[in-house]
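Trainee: Taken in sequence, the protein lines are chains A and B.
Position 21, counted from 1, in the first sequence is what the working numbering calls 21; the numbers after and before it change by one each time, with no gaps.
Basically the working numbering = 1-based index in the second sequence + 1000.
There could be a bad hint or two in this list.
Simulated pairs of lysine to aspartate or glutamate, DMTMM-like, Cα-Cα distance not exceeding 20 Å [claimed, not checked]:
hint, chain 1, residue 1, chain 2, residue 2
1, A, K320, A, D209
2, A, K200, B, D1297
3, B, K1146, A, D27
4, B, K1146, A, E249
5, A, K208, A, E157
6, A, K295, A, E311
7, A, K258, A, E311
8, A, K221, A, E157
By construction, these hints were calculated from the structure, which means they are not laboratory data.
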Amino acid sequence: MSKADATIEVTLVDAGRLAVQQEMRRDPTVWVLGEDVARGGLWGQYRGFLEEFGPERVVSTPISESTIMGAGLGAALVGTRPIIEMRIFDFVMCAMDELVNQIAKIRYMFGGQARPAVVVRMPHGMWRNSAAQHSQMLESWFVHLPGVIVVAPSCAEDEAGLMVSAIRSDDPVLFFDPKDLWPLTGTMPAGEIAPIPFGKARRLREGKDLTIVTWSAIVPKVSEAAASLAEQGVHADVLDLRTLWPWDEAAVLASVAKTKRLLVVHEAVEVGGFGGEIVARVIDQLGPSNVKIAKRLGAPRLPIPFSPPLENQIRVTVDKIVAAGLAAARA
Amino acid sequence: MSKTKGASRTSASGHNLARLTDLYATMVRIRSFEETALQAHKASEIPGPLHVSIGQEGVAAGVCANLGRADRITSNHRGHGHALAKGAEAGRMFLELFGREGGYCGGKGGSMHIADFSVGMLGANGVVTGGIPIAVGAAQGLKMLKSEAVVVCFFGDGAVNRGPFLEGFNWAALFRLPVLFVCEDNGVAAFTATASVTAGPGVMARAESLGVTGLSVDGNDVIAVDAAAAQLLADVRSGGGPRILHARTYRWTGHTSTDAAAWRVPAEVAAGKAGCPIARLRTTLSERGAKDLDTIDAAAAAEMAACRATAHAAQWPRPSTAFDDVQDIGAVRHV
Ligand SMILES: Cc1ncc(C[n+]2csc(CCOP(=O)(O)OP(=O)(O)O)c2C)c(N)n1
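With the hints as constraints, model all of the structure from the sequences given.
Mentor: Structural data, given as structure tokens:
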């Protein structure tokens, strides 16, 4: 095997770590701030960074989310490129002014004088019965917010390539790590990690009967469900959006134009979720007569409960996806 | 000693007539800018809310006299004075207030969002306390880049009751960041006496408890502000970490341009006006034989009148520019 074809097997968490490490080696203005990052981050996303890059570029901060976010912005305004680690997505609620009113607006409000080149990392989603304040997926809120890019990968290779793009981007990038998938292993090329452009979906499976659009932590379940559907004669075209803003509308439209049937699956609450936007755009762009069915499958509009049977009750499962897929294919 | 260009280290108390005259001219320009803007607002030439700092000019002038171009400032919703004192152009500020083409933000910001990155003015802020985390981050970035520049963070007394005040002060002290916090204490937060909603002994005690020391001065005595800022900025520049300047001042007007300020106590307003920082320095300068004060006054009035007229006659921004400068990737197209 030639060196160019060599691949490595990595976990999703390590893929992200290698991407950040590569970019910090390439560009001395890239740095990371957040709680406990100097000891490697909560999941080892920054393991070994303190030793390699030193305490000025790997900054363990006080538990001060407003200032973690706002200081990241301030540091970007003078020419550095911070990675703002929010620890767990849910804590961004303590930094909403800095994110929504400051970071997302500052370029526009100041007529283009400022480029807030920050990456905000927000590991999100259900994770080992963490209950209502450590499990949320509210990515649709941020797609609604002008001024930011929204990234939500589901595999090691995308975590790495999208992270490289995020760090190099002059736009603020909200990077939703799928924390339940940290240990998921994947294969990526050895050597330099290439940037993956924003707004390009990944096709996980080719099919003619039904289009399934999905992203983030639910993706492995969707793949499993699609395999099961195939055994039952329903061949789904499965697209992992990977980025929600911009999102690959062209790929989704092309697929639904072929299958005439759309199912959007996300872990987040179905009501007001990003699935609604996808369904609306598809019907709008293709015309209602060209779409036989357009459905969403997400969580019921409930906080995430703690106890395993309660959590499982509201979770989007493989069985639910298969059932929704069969219903959509047969409608 | 600072190596920052443009920041004269001569303290005002050093009887430097030229420096005092500069301070006077800065304050007069700020006053004239805001009085002119108020008139324009009354004449419906300026849309939206306008917060003026009439009576508080000594703070912006005295502090910014100690800054070089490379130094940065962050400001708040009452920030015209800070911007002017840091070197922003009155003409482009007026254009922005009027929402016209050529304004600092192309008409996207208005009074509450004036910024001029080319002179180190990192922006006014429509969110109270919003500038504090940004200022400490800018200081952290500058330190990381081995820059000699420092950051000054202006905020009002009302800002001390929001969480980012505590976070930002702790953070700046913890990382020994080159930032001077300037609390412009006009005694009111919008329409409410700050003391009536603030527990404990005040901003200096809070700052000190978080490891940030500093000086409290009469903010209407621009010479005192200048001297205190010089001293504190020398500490900041020499790597001593953050400092705070608490400047007690008085806001002559209501909260916004549409607030007639009938709620204010007349005797208090009279006393506040009697402490006018411009009148006080004028007296001092006259006693020392300065002659060109009327010329400075007239020049400022003429400058601002011309800026107003120019802004009034200026083009509106092309409507399609509403679609510009959102983001590079994923920007929506003009519809
Ligand atoms: C977070 C936030 N809360 C409330 C407001 C509304 N508001 C604007 S200015 C102001 C008063 C701020 O007081 P201070 O900073 O002391 O300045 P002042 O306007 O009194 O001179 C308030 C409450 C705001 N802009 N931001």
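Trainee: Hints broken by the structure, by number, lowest first?
Mentor: 2, 4, 5, 6, 7
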